[in-house]
Amino acid sequence: MKYIFVLLNMCCFLSENAIARAKIVELEHTFAEIEGSSWRTDDSFRKAIDVDEVQIPWIFRLSLMRPKPQPVQLASSELGAHFFIDDTVRLYREINICYDQKLKLEGPGF
Amino acid sequence: MRALDFSLNKMAGIEQPGKQRPLKVHILKVDSRIRNPSGFALCDILAFQSEEGQFPFSKFQETGVGLNGASGVPELVLGLFYRYSESTIPVISFHPKLDLDFQGDMVKYISDPATLGTKDRVKVDGRSIFFHELGHVLGFAHIHIPHPLNSDPAISVMGIDNSQRNEGHIETRFSAPTSLWRRWDPQQTSIYRSLLWKLSNNKPIPKPTEFFLANMINNYVCVMPNEILDFNFRSWGTVGESGMFDWITKLPETISLRNPFVIEDQQQPLRKIERFSVHPEVDLLVTHSGKPLNESSGLFKADRIENSTYRMKPLTHPGSSTLNAEPHELLFSTLVGSFGNESRGSFILKAAFQMKKKFPASYVPMTRMQVSPDPSECYSSEQN
Ligand SMILES: [Zn+2]
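If you're matching them up, the sequences are chains A and B in order.
So the mapping is simple: our numbering equals the position in the first sequence, first residue as 1, plus 885.
So the mapping is simple: our numbering equals the position in the second sequence, first residue as 1, plus 1135.
These are computed hints drawn from the structure, not numbers from a lab.
Note that the structure is a prediction, hence the values are computed from the model and not measured.
Misleading hints may appear alongside valid ones.
[As the list claims (entries may be wrong)] Which stretches of chain A does chain B cover? Using the computed rule of at least three CB atoms under 8 Å from a CB of chain B, they are: (1) 940-952; (2) 974-982; (3) 985-995.
[Unchecked claim] Now the in silico label distances, taken between C-beta atoms and shown as ranges: (4) B:I1352 x A:D935: 21 to 31 Å; (5) A:E991 x B:I1340: 31 to 41 Å; (6) B:P1231 x A:P993: 45 to 55 Å; (7) A:D935 x B:K1154: 24 to 34 Å.
Yeah, the Cβ is synthetic: ideal placement off N, Cα and C, and Gly gets one too.
So here's chain A without its partners, still in its complex pose:
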């Protein structure tokens, strides 16, 4: 008889340096080893898509015509409690989520 008892390490990773950057890329990455995966933001992937503006399709550079959210800066990274990108919360009053007609969002599950 065997049982597995999993207690995961919860603590003690300090936040990365919050680098002020206009461009924000977050990659949702899966990694197949054994049977595993994780979210991941990896600089090598960032670099791979850090290309000249002309190579970036128009759809990634559409002008925002809507009111901008209100940014609120938090001091959370002082102790590594890093909850928000660059420690900044973006407060929206209204969000219009546009989705391409090919995505099957209509229905009771979404």
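With chain A's structure known, arrange chain B with the ligand on it following the hints.
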């Protein structure tokens, strides 16, 4: 409850009588093939699935170096959040290889991880990726220090940062129960919604340091009456040889009060302690250290326990570790419940259960919760 409503409840709080949620969300269908900027004039965010061979997914290799240094390990960027500049529309883009499921009831994060990198199409739960990216739009980062209620940060919506990756996390993301999109970090959402409601109620937004101190010193999460809360138990036992679990699938109709446990909170005399059995070997403990409650209003309503298992079938990648070569099963248990309509005040909540006496107990670490129908009261300097 629909995934969008559920997630908005978490991020922005739930509608109250006479008080609407201060964040309105509208879903608009567009045709992303048509290059006409006016067609996107109403968009705060744009979600679409990329075409084969197009930026950005065409730029990523689909094999990489594994944890143990082995190269050629299949990997895939499932999706991304991309904000080119502050004056462009932020984009959520999905990998062209994905079969995205936004509707199914029991959808795993990835249906069959063993085929990742070998199949032409990979079936994933589109909601888990979508709401993760939506979190980024609001500024949510990957969780560095998860709240103890999330028994495993890797299986929360916002996941962990790559720097925190280890084998345990790698296993558990695929091992995750279905509906990963339900698992929001209570502190992250609590902070966001509190600021949102403060803004909406014209209350002052605390200065960064003030807010940080209130958050750290008080160290609680704010929840709303009737908010659906998922308590993810921190350990999950598995049974070997026989391979059988004794499922705890339903709660009894009546809940009996018994003698209280010893409470770890020495600071405050506890006025009310309830320990009720939801199963002969499952104890949920709710303690209340705030104002007395009307008994009939219900302090905390335990609704159901959700169990799921995942059978680990170790793969044999070149150079992969053989430590876990023997198949085994993981058990995930979540207690789902909510505070009653009239519940108010500060609670300490703790839950424990034991499947069978011979297995290790599973528990939810002691958690302080401030229950209020108005999240703008949360993280105020006058509260303690
Ligand atoms: Zn992310």
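A quick look at each hint next to the structure:
{"no.": "1", "hint": "940-952", "result": "holds (count 12)"}
{"no.": "2", "hint": "974-982", "result": "holds (count 9)"}
{"no.": "3", "hint": "985-995", "result": "holds (count 10)"}
{"no.": "4", "hint": "B:I1352 x A:D935: 21 to 31 Å", "result": "violated, 41 Å"}
{"no.": "5", "hint": "A:E991 x B:I1340: 31 to 41 Å", "result": "holds, 37 Å"}
{"no.": "6", "hint": "B:P1231 x A:P993: 45 to 55 Å", "result": "violated, 27 Å"}
{"no.": "7", "hint": "A:D935 x B:K1154: 24 to 34 Å", "result": "violated, 45 Å"}
The earlier numbered hints that this structure contradicts are 4, 6 and 7.
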